[in-house]
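Sequence order for the protein chains is A and B. With the numbering used here, the residue at position 78 of the first sequence is 78, and numbering never jumps. With the numbering used here, the residue at position 186 of the second sequence is 186, and numbering never jumps.
Hint data in this document are derived by calculation from the structure and do not stem from the laboratory. Note that the Cβ used here is the ideal one computed from N, Cα and C, for glycine as well. Treat the hints with caution; some may be incorrect.
Stated by the list, open to error - Some, not all, of what chain A presents toward chain B, calculated at C-beta under 10 Å: (1) Asn60; (2) Ile62; (3) Ser251; (4) Met262.
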Amino acid sequence: MMEEGQKMKRIRFFAAALVCLFMVNIMPVTASDEVNLPKVVDNAELLTEEEEAELTGLINTIVTEYETDVVLVTENQRQETDIQAEADMLFDSNGYGIGEEKDGVLFLVDMGAGEWSISTHGNTINLLTDYDINSLGETAARGYFSNGKFGAGFKNYLESLATKIESRKDYLAQSQSEGEESTDAYAGNNQSADNQTESSQTAGNQTEDSAPSDNSEAVNKTPPVRVETPKEPKSPVKYIIPALILGLIISAVYMAVIWLKMKTAYKQENADVYKCKDTSARIRKNEVLLTSDLRKVPIIQESRDTQENYSTTRYQESSKHQKQSKYKESRTTVHTSRSGEKHGGASGSFTQEKPKESTTVHTSRNGEKHGGGSGKF
Amino acid sequence: MSTKGYKCPCCGGNLVFSSDTQKLECPSCGNKVSVNAIRQYAEIVESTDGRGDTYEWEEGSSENPIQWKVKEDGTKVYTCPSCGGEVEADETTVSTTCPYCDSPVILPEQVSGEFKPDLIIPFMLDEGAAKEAYKKFCKGKKLLPKAFQFENRIKEVKGVYVPFWLFSCQAEGTMVFDAQKTKKWKDSSYEYTRDDYYLLYREGEMSFEHVPVDGSTEMDDAYMESIEPFDIGKAEQFQEGYLSGFEAMKFDLSKEECRGRAEERIKKTLEDALMKSVKRHQYTDVTVKSRSISCTKGRIKYALLPVWLLNLKYKDRIYHFAVNGQTGKVTGELPVDKGMFCKYALSVFAGSSLLIYIIMILFLL
Numbered sequence: 001m002m003e004e005g006q007k008m009k010r011i012r013f014f015a016a017a018l019v020c021l022f023m024v025n026i027m028p029v030t031a032s033d034e035v036n037l038p039k040v041v042d043n044a045e046l047l048t049e050e051e052e053a054e055l056t057g058l059i060n061t062i063v064t065e066y067e068t069d070v071v072l073v074t075e076n077q078r079q080e081t082d083i084q085a086e087a088d089m090l091f092d093s094n095g096y097g098i099g100e101e102k103d104g105v106l107f108l109v110d111m112g113a114g115e116w117s118i119s120t121h122g123n124t125i126n127l128l129t130d131y132d133i134n135s136l137g138e139t140a141a142r143g144y145f146s147n148g149k150f151g152a153g154f155k156n157y158l159e160s161l162a163t164k165i166e167s168r169k170d171y172l173a174q175s176q177s178e179g180e181e182s183t184d185a186y187a188g189n190n191q192s193a194d195n196q197t198e199s200s201q202t203a204g205n206q207t208e209d210s211a212p213s214d215n216s217e218a219v220n221k222t223p224p225v226r227v228e229t230p231k232e233p234k235s236p237v238k239y240i241i242p243a244l245i246l247g248l249i250i251s252a253v254y255m256a257v258i259w260l261k262m263k264t265a266y267k268q269e270n271a272d273v274y275k276c277k278d279t280s281a282r283i284r285k286n287e288v289l290l291t292s293d294l295r296k297v298p299i300i301q302e303s304r305d306t307q308e309n310y311s312t313t314r315y316q317e318s319s320k321h322q323k324q325s326k327y328k329e330s331r332t333t334v335h336t337s338r339s340g341e342k343h344g345g346a347s348g349s350f351t352q353e354k355p356k357e358s359t360t361v362h363t364s365r366n367g368e369k370h371g372g373g374s375g376k377f
Numbered sequence: 001m002s003t004k005g006y007k008c009p010c011c012g013g014n015l016v017f018s019s020d021t022q023k024l025e026c027p028s029c030g031n032k033v034s035v036n037a038i039r040q041y042a043e044i045v046e047s048t049d050g051r052g053d054t055y056e057w058e059e060g061s062s063e064n065p066i067q068w069k070v071k072e073d074g075t076k077v078y079t080c081p082s083c084g085g086e087v088e089a090d091e092t093t094v095s096t097t098c099p100y101c102d103s104p105v106i107l108p109e110q111v112s113g114e115f116k117p118d119l120i121i122p123f124m125l126d127e128g129a130a131k132e133a134y135k136k137f138c139k140g141k142k143l144l145p146k147a148f149q150f151e152n153r154i155k156e157v158k159g160v161y162v163p164f165w166l167f168s169c170q171a172e173g174t175m176v177f178d179a180q181k182t183k184k185w186k187d188s189s190y191e192y193t194r195d196d197y198y199l200l201y202r203e204g205e206m207s208f209e210h211v212p213v214d215g216s217t218e219m220d221d222a223y224m225e226s227i228e229p230f231d232i233g234k235a236e237q238f239q240e241g242y243l244s245g246f247e248a249m250k251f252d253l254s255k256e257e258c259r260g261r262a263e264e265r266i267k268k269t270l271e272d273a274l275m276k277s278v279k280r281h282q283y284t285d286v287t288v289k290s291r292s293i294s295c296t297k298g299r300i301k302y303a304l305l306p307v308w309l310l311n312l313k314y315k316d317r318i319y320h321f322a323v324n325g326q327t328g329k330v331t332g333e334l335p336v337d338k339g340m341f342c343k344y345a346l347s348v349f350a351g352s353s354l355l356i357y358i359i360m361i362l363f364l365l
């Protein structure tokens with residue numbers, strides 16, 4: 001009886017261990033299910049219920065259209081000393097983000113310190129440049145939050161965010177089709193950004209295709225299906241004509257050479273072989289500088305940030321940004337949060353201006369990489 | 001005009017110059033005599049022959065004293081000293097062979113006086129070596145018709161001493177160049193371009209020894225220049241004995257007519273040396289402003305240089321080749337097999353295209 005009891009205990013122990021193991025595996029999946037997470041977390045109670053509903057609706061539209069998670073958080077007291085670290089921590093610890101790369105952007109407003117911060121993650125890092133993030137944060141903070149218009153500020157933020165993501169995705173799609181995208185950022189993020197663009201387009205196309213029949217199916221379509229589209233320039237057929245042309249040139253040169261070898265009776269051009277070898281040519285040289293002409297043409301040089309400590313992705317700004325020549329070319333700076341995740345982002349206060357051309361990278365407490373912005377208002 | 005043929009002192013056979021032993025050899029008895037010895041021998045024999053017997057005979061009863069006559073077409077007819085046969089030769093012939101007895105016939109008057117060469121390079125290659133050099137020349141010529149290559153199409157091979165003028169001088173030259181250096185740089189506000197204009201002056205001198213110019217209109221200048229160079233250092237003082245067994249020509253282009261070609265080549269060499277002294281990579285643009293060459297201490301020598309001439313017949317056309325009788329260098333124009341040309345062109349085109357395509361697939365796809 002004792003032995004049977006011990007066996008049962010052992011079986012129970014193993015069963016419990018298996019359940020634990022299973023739970024451990026399941027937990028992250030559950031946590032990453034962004035559908036169950038609130039997109040608007042108004043801990044500071046700055047928004048009305050109607051505003052929260054409206055913002056949530058806007059966020060869901062962006063999430064569906066661009067497959068980028070969007071989160072708005074307000075709080076009166078933060079846990080981290082740095083607001084950027086706080087934003088990174090909130091994003092990482094709550095399991096926000098869509099897809100394998102956990103693409104998403106979190107906008108944190110700390111009413112206690114009067115600061116704001118934006119943290120991007122995954123492929124969204126490449127979708128929003130430092131300038132974009134600062135612009136979004138500063139516009140909302142200075143234009144709305146400082147006047148107490150939080151609902152309108154967040155609404156303006158979300159609309160601008162959608163516009164920026166749209167223009168950036170258009171640019172990436174155009175660059176990819178032209179094959180002219182110049183990238184000097186680390187390859188992993190870029191590649192994933194490209195893939196994301198492709199998958200977004202694919203998903204977008206699928207949505208359009210299925211829209212007439214079943215809209216709800218298209219709206220709930222997550223996560224994105226990655227489709228490898230064959231690239232036309234790499235078709236082997238395209239190399240046939242260049243190979244034939246090069247072959248023709250090579251054969252023409254070769255045949256000309258062996259044809260010329262058939263005739264060797266040519267007049268000599270010079271008398272080199274009859275030079276006296278013992279008396280080499282004596283040549284005297286003289287060089288006189290007659291005149292010098294100096295011309296100068298004024299140039300307009302674009303300002304570029306050349307910090308080498310950060311990996312950057314350069315691209316042409318959208319037409320909206322081209323009005324400001326200073327930001328014609330911008331960059332996205334990546335940092336690592338405490339949880340080891342890579343983030344883009346910016347932060348600032350409602351009253352203090354932050355540099356617009358670069359993004360500070362930092363690591364959140366749990367090791368995730370974050371970029372972000374925070375500020376006072 | 002008299003004719004001359006060197007006879008073997010032992011058997012009386014015709015002596016022929018051998019390129020191997022550099023002596024006159026008798027094909028009949030194998031006797032070998034040096035050129036100097038036979039010259040002395042001939043002088044003694046001729047002097048004693050000159051005295052001869054002193055029988056008084058009536059003048060005009062002996063042989064016709066005019067030993068050459070001119071035909072209507074301009075060719076001259078000589079009498080062979082061996083068989084007495086008529087040997088036809090043109091205006092420039094110095095040495096030839098009798099068509100009847102194959103004896104060497106030398107016309108001393110053609111190489112005397114103003115026509116006497118200063119130097120002669122004796123043949124270093126015999127007929128066999130010349131043919132061998134030609135065969136070597138044909139090897140590896142992919143477009144050569146096989147029939148031309150393998151069949152014995154050599155119709156005529158003859159060793160000819162070709163008249164050359166050798167020009168030696170001290171050449172001095174000056175060249176003036178306009179040169180430009182362009183440098184570009186910029187700072188935060190301006191892009192600067194500075195053009196520096198230079199005047200480059202180059203002066204040099206160079207010595208040339210024995211630049212040869214073909215003095216015969218019959219010989220193609222391109223052929224004669226193609227088989228250069230001749231090693232004039234191995235030339236000998238001219239003696240008629242070297243001509244025995246070979247054809248030889250005297251010049252019909254004067255040194256005044258030929259010096260232009262020598263000056264042209266000398267000028268090119270000196271100018272190339274002066275231009276080479278300008279480091280063109282240091283300048284963005286260099287143009288010649290002026291140039292002048294002057295030659296001093298000019299010396300001109302007349303020489304007979306050895307050339308083997310080969311004539312081949314293929315498809316009703318005669319192909320000419322020349323072989324340097326001293327070095328064995330061959331020149332000429334070989335026929336091209338059109339079928340072979342198309343075959344090779346297609347093969348190379350297909351092969352190279354396929355190879356490039358495979359490389360493109362491997363490295364670019």
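Against the structure, the hints:
1. Asn60: violated (43 Å)
2. Ile62: Result: violated, 39 Å to nearest chain B Cβ.
3. Ser251: The hint holds - Ser251 of chain A has a Cβ within 10 Å of chain B, the shortest such distance being about 4 Å.
4. Met262: holds (5 Å)
Going through the hint list in order, the structure does not satisfy hints 1, 2.
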